[in-house]
Amino acid sequence: MSTLADDTTIKDDEILWRRILPRQGATIDWYKYENGEWRPSSLAFLDTRSPTHSLSAYISSETELGRLRTDYQEDNIAGFAARVPRAFAYTIQRVPEAGYESHVEITPPADIWGHGNQKRKRRKEAARAMAKAAHWVYCRDCNETV
Amino acid sequence: MGMMGAMAVPTQWTDVISLADATSPATWLREVGRKLDLIRDAGENWDGEGGAPIHPRIVGIASELLVPLKSLGLPVPRIAPVLGGGIQFEWNVADKELEVEILPDGTVEYLTATGGAEVQEGELPGVPTREVLDLARRLLTER
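Residue numbers (numbering that gives the first Met the number 0), protein chains in the order written: chain A, 0 to 145; chain B, 0 to 142.
Quick list of in silico lysine to aspartate or glutamate cross-link-like pairs, EDC-like style, CA-CA up to 16 Å:
| # | chain 1 | residue 1 | chain 2 | residue 2 |
| --- | --- | --- | --- | --- |
| 1 | A | K118 | B | E120 |
| 2 | A | K31 | B | E89 |
| 3 | A | K31 | A | D140 |
| 4 | A | K131 | B | E96 |
| 5 | B | K69 | B | E89 |
| 6 | A | K10 | A | E61 |
| 7 | A | K120 | B | E89 |
| 8 | A | K120 | A | D110 |
| 9 | B | K95 | A | E33 |
| 10 | A | K120 | B | E122 |
| 11 | A | K31 | A | E143 |
| 12 | B | K95 | B | E120 |
| 13 | B | K69 | B | D133 |
| 14 | A | K31 | B | E96 |
| 15 | A | K131 | A | E33 |
| 16 | A | K120 | B | E96 |
| 17 | A | K118 | B | E122 |
| 18 | B | K69 | B | E30 |
| 19 | A | K120 | B | E120 |
| 20 | B | K95 | B | D133 |
| 21 | A | K131 | A | E36 |
To give an idea of the chain A side of the interface with chain B (calculated C-beta under 8 Å), a few residues:
| # | residue |
| --- | --- |
| 22 | S40 |
| 23 | D46 |
| 24 | T47 |
Read the hints as simulated data drawn from the structure, not as lab findings.
Please read all numbers here as calculations on a predicted model, not as lab measurements.
By construction, the Cβ of each residue, glycine as well, lies at the ideal position given by its N, Cα and C atoms.
Sequences are here, hints too, so could you generate the full structure?
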């Protein structure tokens with residue numbers, strides 16, 4: 000297994016949009032209230048469904064926000080710069096999906112695939128950085144104050 | 000309604016909790032149980048992409064780890080499913096963080112951080128109730 004190639008046509012300052020499950024039901028705690036606003040938890044930037052732990056996102060400059068919101072009406076959308084995951088040696092690949100040519104996967108380096116041996120720690124560090132850097136592009140659940 | 004009916008009213012108030020009792024172990028357990036129920040009941044496709052339900056065994060491990068913490072005086076943790084089938088619970092207490100993740104195979108891992116740094120992590124054996132209790136106590140006592 001080797002680290003997937005990084006698509007350098009996606010610039011570091013490109014904003015990536017990640018769909019985040021709504022602040023309700025089982026995923027209500029994917030959000031935390033900090034300094035007077037709802038923030039995404041690092042949990043929203045972890046995915047163990049594939050062996051590569053890749054995260055789904057969209058290249059913002061190539062994605063129509065209205066269409067994304069229509070297609071995924073339940074989800075909220077957080078944006079962050081491509082440089083954030085890259086700072087942790089994550090790579091970005093274009094993986095067109097469901098009619099979105101702008102869909103990408105953000106993939107950790109191969110040496111932190113799987114679990115144990117500091118791997119989770121490094122993925123968590125990247126997830127925390129993405130969560131911290133994220134801004135809401137759209138969040139229908141975030142107006143409630145605590 | 001006669002006097003006997005009025006006398007029976009107190010039995011209807013067993014679920015009312017005074018503000019002074021808001022962090023009682025019973026309240027804490029009830030809230031933890033409610034969150035675990037949400038995860039257990041999320042069912043098929045909880046992630047919107049055809050994901051399998053969180054396995055009851057994983058919910059059961061989470062419950063076994065959390066129940067012994069009921070009297071510590073910790074806030075109710077954030078408890079959430081992880082994409083891929085696990086459950087994570089986590090606290091932020093002052094500048095300290097504790098995350099405990101139960102992986103889909105039942106393995107339990109933890110991560111602690113102080114001030115956003117000094118990160119420690121590891122894997123815990125079996126269903127590590129004592130170890131998680133110790134980690135949780137450190138949230139309240141370590142400086």
